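Protein chains in written order, with the numbering used here: chain Y, 1 to 531; chain X, 1 to 370; chain P, 1 to 257; chain D, 1 to 415; chain A, 1 to 231.
Keep in mind the hints are simulated off the structure, nothing from the lab.
It cannot be assumed that every hint is accurate.
Stated by the list, open to error - Below, a list of computed lysine-lysine pairs in the DSS-like style, where the Cα atoms sit at most 30 Å apart: (1) K177/Y x K401/D; (2) K198/D x K163/Y; (3) K171/D x K401/D; (4) K525/Y x K123/A.
Computed from a prediction, not measured in an experiment: that's the story for all the values here.
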Amino acid sequence: MRALLLVVALLGLLVGPHGPASAEGGVAPALAALSSRHYDDIANGVAALAVSGDPRAAAILGALQGGRLYARADHALFIRGPDGTYVDAATGAPAADPGTLREVRVNNAVRRALDAGLGALRLFAPDAAVRATAADTLFAQPDPAAIPALDRAIASEPDAGVKTRMEQARAAAILQKPDASEADRLAAVATLRARGGLEARGLLEGLSGQPPAVAHAAAAAVSALDFDLRLWNYAQSAWYGLSLGSVLLLAATGLAITFGVMGVINMAHGEMVMLGAYATYVVQVLFRAYVPPGLYGLSIPVAIPVAFVVAGIVGIAIERLMIRFLYGRPLETLLATFGLSLILQQAVRTIFGPTNRDVDTPAWMSGATQIGGLQITFNRLYIILFAVGVLFALMAVLRRTPLGLQMRAVTQNRRMAAAMGIRTPWVDALTFGLGSGVAGMAGVALSQIDNVSPNLGQGYIIDSFMVVVFGGVGNLWGTAVGAVVLGVINKFLEPVAGAVLGKIVVLVLLILFIQRRPRGMFPLKGRAAEA
Amino acid sequence: MSPAPRALAVPLAVPVIVTGTAVLVAALALGGVAPAYIVSLYGKYLCYGILALAVDLVWGFGGILSLGHAAFFALGGYAMGMYLMRQIGPRGVYGDPLLPDFMVFLNWHALPWYWHGFSHFPFALVMVMLVPGLLALVFGYLAFRSRVSGVYLSIITQALTYALLLAFFRNDMGFGGNNGLTDFKDILGFNIESGRTRAALLVATGVVLSLQYVLARAVTRSRFGKVLIAVRDAESRTRFLGYRPESYKLVIWVLSAVMAGIGGALYVPQIGIINPGEFAPTNSIEAVIWVAVGGRGTLAGPILGAVLVNFAKTLLTGTLPEAWLYALGFLFVFVTLVMPKGLMGLVRMRRRDDVPGAAAAASAAKEATG
Amino acid sequence: MSAEPEGAIGAVADTLLYLDGVSVSFDGFRALNSLSLVLAPGEMRAVIGPNGAGKTTMMDVITGKTRPDTGRVVFRADTDLTKLDEPAIAQLGIGRKFQKPTVFEPHTVWDNLLLALAGDRRPGFTLRARETAEERARIESILRTIRLSDHRARRGGDLSHGQKQWLEIGMLLAQEPELLLVDEPVAGMTDAETEQTAELLREINRTRSVVVVEHDMAFVRALGVKVTVLHEGSVLSEGTIDHVSEDPRVIEVYLGR
Amino acid sequence: PSARAADDGPIKVGILHSLSGTMAISETTLKDVMLMLIDEQNKKGGVLGRKLEPVVVDPASNWPLFAEKARELISVDHVSAVFGCWTSVSRKSVLPVFKELDNILFYPVQYEGEESERNVFYTGAAPNQQAIPAVDYLMSEEHVKRWVLAGTDYVYPRTTNKILEAYLKSKGVKDEDIMINYTPFGQSDWQSIVSQIKRFGSAGKKTAVVSTINGDANVPFYKELGNQGIKATDIPVIAFSVGEEELAGIDTKPLVGHLAAWNYFMSVDTPENKAFIERWRAWTKNPKRVSNDPMEAHYIGFNMWVKAVEKAGTTDPDKVIAAMIGVSVPNLSGGYAAMMPNHHITKPVLIGEIEDNGQFNIVSQTPGLIVAQEWSPYLPGSRDLIADWRPPMSCGNYNVKIGKCLGAGSLTAGK
Amino acid sequence: MLSVEGVDLHYGAAIALRGVSISATAGAVTCLLGRNGVGKTSLLRAIVGAHPITRGAIRWDGADISRLPPYERARRGIAWVPQGRDIFPLLTVRENLETGFAVLPRRARRVPDEIYELFPVLKTMLRRRGGDLSGGQQQQLAIARALVTKPRLLVLDEPTEGIQPSIIKDIGRVIALLRRRGDMAILLVEQYYDFARELAQTIAVMDRGDIVLSGAPGELDEQDVRRRLSV
Ligand SMILES: Nc1ncnc2c1ncn2[C@@H]1O[C@H](COP(=O)(O)OP(=O)(O)OP(=O)(O)O)[C@@H](O)[C@H]1O
Ligand SMILES: Nc1ncnc2c1ncn2[C@@H]1O[C@H](COP(=O)(O)OP(=O)(O)OP(=O)(O)O)[C@@H](O)[C@H]1O
Ligand SMILES: [Mg+2]
Ligand SMILES: [Mg+2]
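So here's chain Y without its partners, still in its complex pose (with noise of 0.2 Å):
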């Protein structure tokens, strides 16, 4: 019943027009609302403080927003400052003791809600950007409501962009307004045509209640804004196979080493890229503890050259203690590599638990842009930049140093390496920590994507083998393309078959094509290969 009637009050509000309701009493049912327990009043609350036009609107909702609104038993509301301090919600007084207080808590329709009074409100503001944003908050959440706003709004944008978009969220709001004009309508469907996107499909394919001539023409955008996003489909799976192809290269790379170059079936390596993830958290743990916060995006440049040193260290005491007295008996080393990677998994779950880790991604590297209708996470595009860094930076040194040159000629012949004089020890401990602190690396990237956990290895040491397998064994490059042609391929299929299907799918092609390529794509040729 108490419901009903704040209802019916604040319906009074809404429907009351956009004119400054400054009056006290006015705001008063909204406030109330705010501090009811029940979402739906608070939600409604929000709609109406936001259309009231009240001065302190916008400080008492971002407030909510922010989780700094209380409220006392007798529905008086208060805003926590910065300082701990809080002020009269209503009047903006400092309450010196506000007594008991419950924080005013949000639910999804509340910050929806939020959402769109904000952004009506925030169509003012001073800066450029938050202005933009406010108009896309309000394209997403149409609301005829806002069209007085932003009537007011466009009328006063001085930045262009800022302006269309706002000219966007209108014709959105419009499309949603009961009374609005056919020809206005018509506009509207145009705008948001022009606009593109699945936004502006949604919005238009959820239209209802259209006079003939308007779902017309909302009918024909929806099938030419479909036509556009099919090609835009297509180089998104593109980009996300080249993304996974960069995930599963960074897994493989190490592994080309450690297995491609050395021969060392080395069933340890997906360790080796969970310890670089676990490096990784723990560069994280100590930034949160002892660097400033701001310096906190810095966590993930740092932790690289970390899980490489920390990798590369163990790989190098497991080629000492272990590798070495198996050099000519390749295939036990699956049988020891095995036995480490259970060592090493226990050892992770004992320090650090069995559970996930939670390894937070930067601001600097979180979040998406949009060019045309492609979506390009910046996680991925860094993944792949990085990959192929790492791609790069290993090839120069394979081909172009000494040392290179060595760890070749050692994996092909260690005793006649030997005999010209070149410390095998030394180079196998290299080759093999070079291997490891790669895998490490690669840990870092997969800690972004995935979980951290002691399984983290297990997941990737399959499929890194089938990459270096299907690029063909001891070739860097090979890997590097398998990797991407892996991955472009999974994820053309993942749509049409399915994630399950696709990956079988992927894996029987997988053997027909070694059927027909028996050394891989780039097999090495001539007598030297032929054993």
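Once you've looked at the hints, dock chains X, P, D and A with the ligands against the given chain Y.
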């Protein structure tokens, strides 16, 4: 060219030990002397022994490192599981006379075609061998014909088992998805839970393993076996002698797959469940590990390795639940570093050393005097 | 590059092996350059030529290891070897000794020979095969010929370089091929052994055809057969040893002054 | 069948949770909480005047090993009851063992239902105690019209989605408004699926995702949601297997507002819960340790078992099984959980929105307790089945239409 | 100055060398002859460190190097041309040669032109993979690779095997030239007696793991040597 008595003694030793221990364990358990649970436990070890023997045939003698052999084991297991499912009849929870429970609750209306026939034991038995054998035949034919070898082969066997894993996980495949086939009631009319059935299964496993051992021994000792070893170490050279390595590999590969399938078929009734987890690549890798621990290229070694590693696993997961992976991991590392030829290597090494060593000493003596 | 039908058939009729315009190239490098060569049944032929002339490649082509880009290799007038794979060619009766000795390392000397013995090569046979007295006698005699009787129980891999050479020759004998391709049989042998090898080959040549590649001119001379000189993948000169060793071009590229 | 330990020795309790392998991530905590509960009970004097002794084994996420270890616990260690398993397949794997050796399993995880066994007590939720209320919530509160049912490709998601699909259709949702998507275990690349969802959600109708994505795959899934900017206010995701423990491994800021449906949240504001969390943190010596729903299930299950043992005056499984039905103990959300004749317990259903601190803001709670429907009325095969383990019926799958206990149920029931 | 003193070498339990002693001095060629399987290669392996010895000592410049790993010996100026060539099959010809740089100071790391003059074919094949070369070309590469390290002891195991006559002559000339320069000791295993006799200051004949004859070519009874080389 070892003297006749030894040649006779050795092939008998393993079958006698395997069958003997199986009978012993079964008898002790039936007599109430030993806990009943060791029957199916030992049965499981012996089934793994079969798998290990199969892996060793292709790896130790044919040089084919299969990282997907558990797939054949699992396929044999599924064939047996399907038989056992069909034996449930109307005793399932939904009381459906035809459909297994998982089909009922996923709204299947008819038995898929590939389930027909499995209610007959002989048919199932044929399938136990035929399905892994056929898959191995097709896969092996393609791979060996196009000369896929080494790690390339290993990795595609892994891809094979991984693909099967994913496929069997799919509920739509009609094999019970992740939950697999379970809740078996009886086999050949005997209650699968009764101690006697268990004992019989254990003894049967022991006998089958022994037979397989004898067969494997005969094959590897034959001229075929020698060609196979030649193929393992110098495949292209055998071609110039007129041998077709691909057909040799194919024969041993299919034989091994069938053996593994039979192992899987014996495994399922003793374990009581078959699910896609058996296709997991790590299972295949573990089988390779047993072989390596026991001694690659020997026939008794893999069996020993399978039993011991799994015994260690049973023991450690119970007594050191939090640290057993360390223990097992160190065990593997230790075995590789200290016993390069596996457990059997210890035995073998001594024998090998005194044979050619003695010969060399003798010839040295001759040279010195001559 | 199809051969003129008439001439080809004429040449083919009384030949054992006929290489007809065979070319092979690797990444653009021509190892064989429309090489033609005719070998009569029962003939022994020495092939010499500078390092890299294509001698081994020629053997690779005959035995099916390398597929030529163009040209045919006709065996016994009716079989085009380029259509067959290695085992098929071997089973036709073409045996080969490699330049770098390759034996089955884990097998004993005895088993190496056993595996090489002529006979059915199919798994169905080898699964059932038992060592017959006949086979044993044959192996014994080969062991004597190659002087490895004392080493019969040693692993092939444990032999010295020269012993491996001998073992490989033994394996070739065991194969009883119609045509033997012998790549540098006396490399690493003492002068005395070289002579014995020449003797052995002449002996074999009584019943079989032989193509032998060698750089040891004394050996070639000892064989006393027609010599073909290869250079840059094709025939430079052909004739008796005296004829070719006086050919200035052969001296220039091969023998040196 | 097996000999029991002497009556004055400690009572052994088996703990059968994976401590290694893929499931360790979820199950290790349950082992810990069991150890704590047993420890606390011992401090209170044990049960029947005897101390409790936990027996921990590691089935290593390996299903056959689960069966082997269960057998070992029962016939070698002579435990009186076992608390364990997480995945359905592990339960299926040990089930024959428990039936054969006649012992008790407490299974603490939400599952697909379609089962009621004499030797198992299900303390997790059946689909109607989690999935259906969740969908109800989305329909009424978020006004969702279009549904993505995304899950890992195995039995629980498949069954749950079957049930949900039938339920949604019964509520008038059309075929084209339901999208079903399955992914393999351990799926880590969610880019295209998330964008597919986004596209599906751009049809102008309010769209939500009902996620039965399992275990590890959730982290990359949520990370991708965050990256592609899918906010809870646009397309909310409601999950059935994402709890506090899983969230602890994710940066939750981009996920605020996404939902989960459980029968317990750590944020439940009751004195019992507060006390429990305090004890838990003290016992694990980790002031940040979180609690979650399956833990509560073990808490309830364990207390029920203690009560039933005391009621029966013995640990003999047959007697305890008989005594279990009707036992009722406090849950942590301020009510009581009662063991029903179908061996499932009554539960409240809570819907929570993810908060930026990794906790859930409870936005809805069923007013009363919900009784489990182990046999779903939405599946044709099980529509007519009920379970009642009280004599005289003593049947886990009684067909009310034909008035008969089906299949093997009737055979084993008497035993 | 190399001196091998009473060296035993075993393969497993089988003995291949028994108490072998031999020496090589700078500016001289020591040539080792013997039938197949008598232990020539084994002796060279012992010297370069490719196989451990079980007894005896190997002194180089006065220090016992018999316990040093092969790469340390290489760093002290010992280079080896093994029997069977041991080319790095997947490295290009150039890279094969460059492996010899490991023992050289950074400044000295270049392939001397005289190597290409000696083996012109290598110059044309610098980018080809070592494993693709013909047998004789590989042998030439192996010798060239050893020379790149500027050794003070050059150990050659049947260097003429598989090489065409004209180049054998060249190799003979080079060995003679190196000998004449006087700063390099050369130890040569050869089956080709005439070649050996022409080049060697000392000839040693091995039989059954031991040295049974040695001396300057002029002093030795040729018939005796030949007999020892035949069966
Ligand atoms: N796979 C390959 N790739 C590139 N070049 C090759 C390959 N195989 C052979 N060659 C080249 O082909 C030429 C012929 O080689 P071949 O081995 O036939 O020579 P050969 O006459 O046997 O020489 P030798 O007397 O040294 O054994 C050589 O120059 C060699 O480098
Ligand atoms: N790796 C090995 N393992 C076991 N025995 C070996 C090994 N290498 C050589 N032998 C044996 O040691 C003895 C000496 O061999 P070595 O290679 O030194 O002879 P060689 O004089 O160089 O002969 P060749 O002239 O044939 O090259 C031979 O009997 C040989 O069989
Ligand atoms: Mg050649
Ligand atoms: Mg030698």
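Q: Could you check the structure against the hints above and give me the numbers of any it violates, in ascending order?
A: 1
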